[in-house]
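Here the protein sequences line up with chains G and P, keeping their order. Residues 1 to 234 in the numbering used here are what the first sequence spells out, letter by letter. Residues 1 to 219 in the numbering used here are what the second sequence spells out, letter by letter.
Hints are computed from structural coordinates only; laboratory data are not their basis. Beta carbons are placed, not taken as given, at the ideal position from N, Cα and C, and that holds for glycine. Be aware that a few hints might be false.
Coverage of chain G stretches by chain P, computed from C-beta distances (three or more under 8 Å per stretch; other residues unrestricted) [to be verified]:
1. 40-49
2. 110-118
3. 123-134
4. 178-184
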Amino acid sequence: MSENAKDISHDHLAHLMMDYASGALDEGFALVMASYVSLSPAACAQLRQLESIGGALLCQDCEPEDMKEDSLQNVMARLDDYLEQIEKSTAETLEQAHMNVKIDVDCCIPKPITQHIAAQMPAAPKWSRLLPGIEVINIPLSKSCANQLKLIKLDPATTTPAHTHRGLEITLVLDGAFTDETGSYPAGSILAHDEHVHHQPVSCPKQGCVCLIATDAPLRFTQGLMRLLNPFLK
Amino acid sequence: MSFSGQSQRFSLYEQENNLLNAYMMQKNSAHITDSANNTPSHEDMIVAIAEKQDKDSFVELFEYFAPRLKSFLMRGGTNPDLADELAQETMLSVWQKAGSFNPDQARASTWIFTIARNKRIDAFRKAKRPEPDIDNFEIEDKSIVMPDIRITSDEQAAALSMALKSLPEEQASLIRKSYFEEKTHMDIAAEENIPLGTVKSRIRLALDKLRHSLGGLER
Chain G
1 MSENAKDISH
11 DHLAHLMMDY
21 ASGALDEGFA
31 LVMASYVSLS
41 PAACAQLRQL
51 ESIGGALLCQ
61 DCEPEDMKED
71 SLQNVMARLD
81 DYLEQIEKST
91 AETLEQAHMN
101 VKIDVDCCIP
111 KPITQHIAAQ
121 MPAAPKWSRL
131 LPGIEVINIP
141 LSKSCANQLK
151 LIKLDPATTT
161 PAHTHRGLEI
171 TLVLDGAFTD
181 ETGSYPAGSI
191 LAHDEHVHHQ
201 PVSCPKQGCV
211 CLIATDAPLR
221 FTQGLMRLLN
231 PFLK
Chain P
1 MSFSGQSQRF
11 SLYEQENNLL
21 NAYMMQKNSA
31 HITDSANNTP
41 SHEDMIVAIA
51 EKQDKDSFVE
61 LFEYFAPRLK
71 SFLMRGGTNP
81 DLADELAQET
91 MLSVWQKAGS
101 FNPDQARAST
111 WIFTIARNKR
121 IDAFRKAKRP
131 EPDIDNFEIE
141 DKSIVMPDIR
151 ITSDEQAAAL
161 SMALKSLPEE
171 QASLIRKSYF
181 EEKTHMDIAA
191 EENIPLGTVK
201 SRIRLALDKL
211 RHSLGGLER
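Produce the complete structure using the sequences and hints provided.
Here is the structure:
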């Protein structure tokens, strides 16, 4: 990656990780960060550190507020409640449901994504063709979420349309690799591009590429006929 | 008579003295237990809940954490009734999920913070917070050294706490806004009318100090 783009991406990711730790991050971005942490022990360490700040703030910065008189009693009464057993069995069903999510790819899809798909997509997700060599699965998010999330599969040696970004685009490479003007990204890489990056990713000539991508604003195509689509992207 | 009276008085005195001694011994031993750190820590209490459904430990945890959780949630703008309810829900999850708590990986306060954070997200966004799956790291690249992800010792917790207290106000207030109010750095910049770059650089400075205080973790 060019030094500048690398620094910018690294900087975005550090802040995204803190927003993920604090709980502020929108669902789409949060799903990408959860997937990244699932793939990387180093990212997991970073997350733990940031969460420990929350723990410290809870203990030292929060002047205790009296609970209602019957609060403890209420909770004690519910400890052995059968409702909890039901909740637990729902959690277990969900745990199993995610294992039944089958996506037609040669790589592992991180558990946060398969869990989300199991809960949100009643029918088995199918790839749909976006352009020659490019297939996509749009992953539905909750209504309050302004992000978009998709899985993208590129055939080997596929050139994607040149584009820039109106907001932030986070890409997690799950399989294969891609190369663009800023560098080359094998599986496990994560990068965050903003409006300063114009790029045209090309997938690995041998393995192609599978990515998880979240955006908070539509892309802006910068070349050829694809530009005609820009007014329609919202 | 007088002899026996004397003896009675003596024995009363003796009794009192014994009681006092016993009290002192108890007090000393309690003190010794304290200083030897044998009183159960919050971490021990969660383990006791997991291992033997220990309700006494639960009550102690509740009394320490529930009022702080309520305060934490109220500082994020949650109304007192709902904050009370979410604090209760969080403590209920502490009971239910105690088995998944690993004292080698996190402090009780951090673990409980993450549960409360997720409860708040579930309640307000009607969406489950995506949680990472950290039990099955899939990357097989052995050149990646597994970093020490534990921030568990009392020393580390104390150092982090000191570092938080010594942050300049302009940095501390941004950290508090992030965690208490669940604001993204972009939201904070817009709300405070500070350029995003300034928000980010202040937060970066603060994080560097906090990380430094944890020593040895950043390798």
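Next on the checklist: Of the numbered hints stated earlier in the document, which are not met by this structure?
Outcome noted: Hints 3 and 4 contradicted; others consistent.
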